[in-house]
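J.: Sequence:
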Amino acid sequence: MYTMAPVVQIDKKFNLSLKNVKDALNIQPNDAFFIEWENTHTITLKKTTDSDPFIEAVKKPAHISTHKKVDLDRLENELWST
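Numbering follows my numbering, with no gaps: position 45 of the sequence shown is 45.
Since the hints were derived computationally from the structure, they do not count as laboratory data. Glycine included, C-beta positions come from ideal geometry on N, C-alpha and C. Warning: the hint list may mix true and false statements.
Across the chosen pairs, the derived CB separations fall in these ranges [said to hold, decoys possible]:
#: 1; residue 1: L25; residue 2: R74; range: 45 to 51 Å
#: 2; residue 1: P53; residue 2: Q28; range: 18 to 24 Å
#: 3; residue 1: D11; residue 2: N39; range: 20 to 26 Å
#: 4; residue 1: K46; residue 2: Q9; range: 20 to 26 Å
#: 5; residue 1: V58; residue 2: A32; range: 36 to 42 Å
#: 6; residue 1: E78; residue 2: Q9; range: 52 to 58 Å
#: 7; residue 1: L18; residue 2: A62; range: 38 to 44 Å
#: 8; residue 1: K12; residue 2: W37; range: 34 to 40 Å
DSS-like, lysine-lysine: derived pairs with alpha carbons at most 30 Å apart [claimed, not checked]:
#: 9; residue 1: K22; residue 2: K12
#: 10; residue 1: K59; residue 2: K69
#: 11; residue 1: K13; residue 2: K59
Working from the sequences, and respecting the hints, build out all of it.
T.: Following this line, the structure appears as structure tokens:
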């Protein structure tokens with residue numbers, strides 16, 4: 001993981017230069033990133049993959065805990081018994 005010290009400053013037209021970031025992360029034309037707001041002072045850029053975002057969402061759903069084992073038989077019985 002890179003630790004970067006450069007300061008990026010916003011100009012009067014609300015533009016900002018990301019040259020230092022581009023050089024440090026080897027960003028190429030047509031690269032795509034997800035922007036995640038961590039809090040009011042921090043954002044995270046996550047490079048997207050070349051794969052289909054729908055397939056990625058199915059493989060890694062955001063709302064399911066992978067640490068819990070789900071009893072599918074019990075869940076099916078609950079759904080059909082109501």
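J.: Each hint: holds or not?
T.: Against the structure, the hints come out as follows:
Range check, L25 to R74: Cβ separation about 46 Å, and the 45 to 51 Å hint holds. Distance hint for P53 and Q28: a CB-CB separation of about 19 Å, consistent with the stated range 18 to 24 Å. Separation of D11 from N39 is about 24 Å and conforms to the stated range, judged on CB atoms against 20 to 26 Å. Here the CB-CB span from K46 to Q9 is close to 24 Å, well matched to the stated 20 to 26 Å.
The given range of 36 to 42 Å is broken by V58 and A32, whose C-beta atoms sit roughly 19 Å from each other. Against the hinted window of 52 to 58 Å, the Cβ-Cβ separation of E78 and Q9 comes to about 56 Å, which satisfies the hint. In this structure, L18 and A62 break the distance hint of 38 to 44 Å, their C-beta atoms being roughly 27 Å apart. At roughly 24 Å, the beta-carbon separation of K12 and W37 lies outside the given 34 to 40 Å, and the hint is violated.
As the CA atoms of K22 and K12 are separated by approximately 22 Å, the hinted pair is consistent with the 30 Å bound. Between K59 and K69 the alpha-carbon distance is near 16 Å, which keeps this suggested pair within the 30 Å criterion. With a C-alpha separation of about 41 Å, the suggested pair K13 and K59 falls outside the 30 Å cut-off, and the hint is violated.
Hint violations for this structure: numbers 5, 7, 8 and 11, all remaining hints satisfied.
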